[in-house]
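Peer 1: The chain contents come next:
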Amino acid sequence: MTALARARPWLLWVAGGVLVLALPLQYSGGYAINIMINTLMWIVFALSFDLSAGHVGTVSLGHPAFFGIGAYLTALLGPRLGLGYLGNTLLSASLMALLALVAGVAFFRVREVSFAIGTLGAVIIAQLIANNAYDLTGGPLCVKGIARPEFAIPFTDVTLKVIHPLQYYYLLVPLVVFTIVLYKAMTSSRIGRAFIAVREDEVRASAVGIRPLRYKLLAFVVGGGIIGALGSFQAQYVTVVCPSEIALSYTLNLLIIVFVGGAGSLRGVLLGSVIFSVLPRLLEQGGALSIPPAYQQVAYGLILILVVLFMPDGIDGQIRRMTDKWHRSREVEVGEDV
Amino acid sequence: MSEQRLIADNGSNGALIEVQGLTKRFIGVTAVDCVDMKVYSGELVSLIGPNGSGKTTLFNCITGFLRSEEGRVVFRGRDITHERPDKIVLQGISRTFQNVRVFPSLSVLDNLLVSLQQHQEEDLWRRTFHAPKIQRLEREAVERALQLLEMIGLTDLREEPAHKLVFGQRKLLEFACALIPDPDLVLLDEPAAGVGTAMVEQMKQHILELNRAGMTFLVVEHNMGVVMDISDRIVVLDHGQKIAEGSPEAIREDPRVLEAYFGK
Chain S
1 MTALARARPW LLWVAGGVLV LALPLQYSGG YAINIMINTL MWIVFALSFD LSAGHVGTVS
61 LGHPAFFGIG AYLTALLGPR LGLGYLGNTL LSASLMALLA LVAGVAFFRV REVSFAIGTL
121 GAVIIAQLIA NNAYDLTGGP LCVKGIARPE FAIPFTDVTL KVIHPLQYYY LLVPLVVFTI
181 VLYKAMTSSR IGRAFIAVRE DEVRASAVGI RPLRYKLLAF VVGGGIIGAL GSFQAQYVTV
241 VCPSEIALSY TLNLLIIVFV GGAGSLRGVL LGSVIFSVLP RLLEQGGALS IPPAYQQVAY
301 GLILILVVLF MPDGIDGQIR RMTDKWHRSR EVEVGEDV
Chain W
1001 MSEQRLIADN GSNGALIEVQ GLTKRFIGVT AVDCVDMKVY SGELVSLIGP NGSGKTTLFN
1061 CITGFLRSEE GRVVFRGRDI THERPDKIVL QGISRTFQNV RVFPSLSVLD NLLVSLQQHQ
1121 EEDLWRRTFH APKIQRLERE AVERALQLLE MIGLTDLREE PAHKLVFGQR KLLEFACALI
1181 PDPDLVLLDE PAAGVGTAMV EQMKQHILEL NRAGMTFLVV EHNMGVVMDI SDRIVVLDHG
1241 QKIAEGSPEA IREDPRVLEA YFGK
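Those sequence lines, one after another, are chains S and W. Read in the working numbering, the first sequence has 145 at position 145, and its numbers run on one by one without any break. Count along the second sequence from 1, then add 1000; that gives the number in the working numbering.
Worth flagging that the hints you see were computed from the coordinates, not collected in a lab. If you're wondering where the values come from, they're calculated on a predicted model, not measured in any experiment. All C-beta atoms, glycine included, are put in the ideal place defined by N, C-alpha and C. Careful, some of the hints might be misleading.
Which bits of chain W does chain S cover? Going by a derived footprint, with three or more residues having C-beta under 8 Å, they are [to be verified]:
1. 1080-1086
2. 1099-1109
Derived Cβ-Cβ restraints for the label pairs, each shown as a range [what the hints assert, rightly or not]:
3. W/VAL1029 - S/LEU306: 27 to 35 Å
4. W/LYS1087 - S/ARG111: 35 to 43 Å
5. W/MET1224 - S/ARG109: 40 to 48 Å
Chain S on its own, in the form it takes in the complex:
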């Protein structure tokens, strides 16, 4: 293997990093920057979801609850506690991690389908509460006027108020980096190996000393916490939180991104997040396919069915098979030379 080939994955990350940091400077116009923020948000959301769904094999349909409740926490508690951006984010993250722990202990008693349905019920209940607890959430009138993040610049009297989407973009980048690093650290370590063991055979996992519940909870709590932080960002970005933030359409989006992109694969989930955040907007923008959102969901549903049937390990699986084939054909060539 050449030095370049060995360095390539590292180079790829650097190139990706530069792109993520530089791209919005080129396209800081309203629409494009919103799509980019949206893409980053789905990366965080989907990677957190994939920790459970792709690695440990516990597909929850309730992840939007962490997002929506995380947003409401910032909307309702933020002004009362007077926390800044970081405080709000950490509060939502820790409380959503706690919620994930409690919900996990309750829901992981049942398996697979029952688990999925249970979490589905939970997110529907959460949305009903958000819609109907007028005194608390304002119901469908939403919570409005959430404060935008402000940062005091050290050694000066200047406070930087985050207003422009471009600023929000760079505010979001650290959370994205944090999520990717944590995802990578967890899944490529011994923990990741235990995750896969639990996904593939819980009984066998127990027989080698792995406690399945512990790893299911770990993935669920870490994912829930990160999504809580993301919800807090959302609240401070759009400055309005509505019951529609606890939406089942988010679940459908997560399923599409993760399973079409490639469950359990960082590359797959990143690809899925980018494709399904950018593509629909581009189609709308170009006027090529100005489909109403409801039909878009029907299309997503169809794509999901087709992928599950014909591409069970998603786009990432396809890429892996193609590169494997390529490597093998090269090995043969080299072999003939010698």
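Given chain S's structure and the hints, the job is docking chain W onto it.
Peer 2: Positioned in the frame of chain S, the structure of chain W alone reads:
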């Protein structure tokens, strides 16, 4: 109080594992019916009996996968009766399964490593961030795994995902996974079932060699040739009850055993 019990147990039997009056009932069936048995350190004990006599159920009760209604299991002087399976294996009881379970998408090597890692290190934080200690443990684990792969002859397949192995190879892999933590007691559920004669012979040799080196085995097996060849002692179950126990020679002649297997 628990300390007292610990001392009393050690004094009373000195067995590596002792099963006392163990009973497991399913609806309408008593699968294991008040079974007493002991395995001493360094022994190779076989558990035989007709289909449905409760052998695997007894295994599952010992290893914590099933909850027994009565009786207890004492391992190295410690009551492990209702402990979780993952805790029991970490105390030194490894097992294989009748229907052969490996992790299909993990590589052969990773199957071995994942079977050892919980024995080595419990700290989640250090495990996540590859602390130097973990890297050292990982190197040790790989070394040990390669030794075992050499032994079972799967070295060349170490990078292949386990689902690509044929049945006999999966069986050998599962066997090696049970051995990698260097357990005090290995429970094998039908190690010779479903594989060709050459593989049966290989498995037999491995078990005998390890047993000679001091490893303790409790084996469920239907292949009487194998059972008679390898066992120090045989325990016979029928309808959940222990009907006989003794040396291979004694069991071969035992009228109760003949009746259980062939009828009157």
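Peer 1: Does each hint hold? Answer for all of them.
Peer 2: Cross-check of the supplied hints:
Coverage of the segment 1080-1086 of chain W by chain S holds. Counting CB-CB distances below 8 Å, 3 residues qualify, and the rule asks for three or more. With 6 residues carrying a beta carbon less than 8 Å from a beta carbon of chain S, the segment 1099-1109 of chain W meets the three-residue requirement, and the given coverage holds. In this structure the hint that W/VAL1029 and S/LEU306 lie 27 to 35 Å apart at CB is violated, the actual value being about 47 Å. Our hint of 35 to 43 Å for W/LYS1087 and S/ARG111 is violated, since their Cβ atoms are close to 21 Å apart.
Judged by the Cβ atoms, the range 40 to 48 Å given for W/MET1224 and S/ARG109 holds: they are separated by roughly 43 Å.
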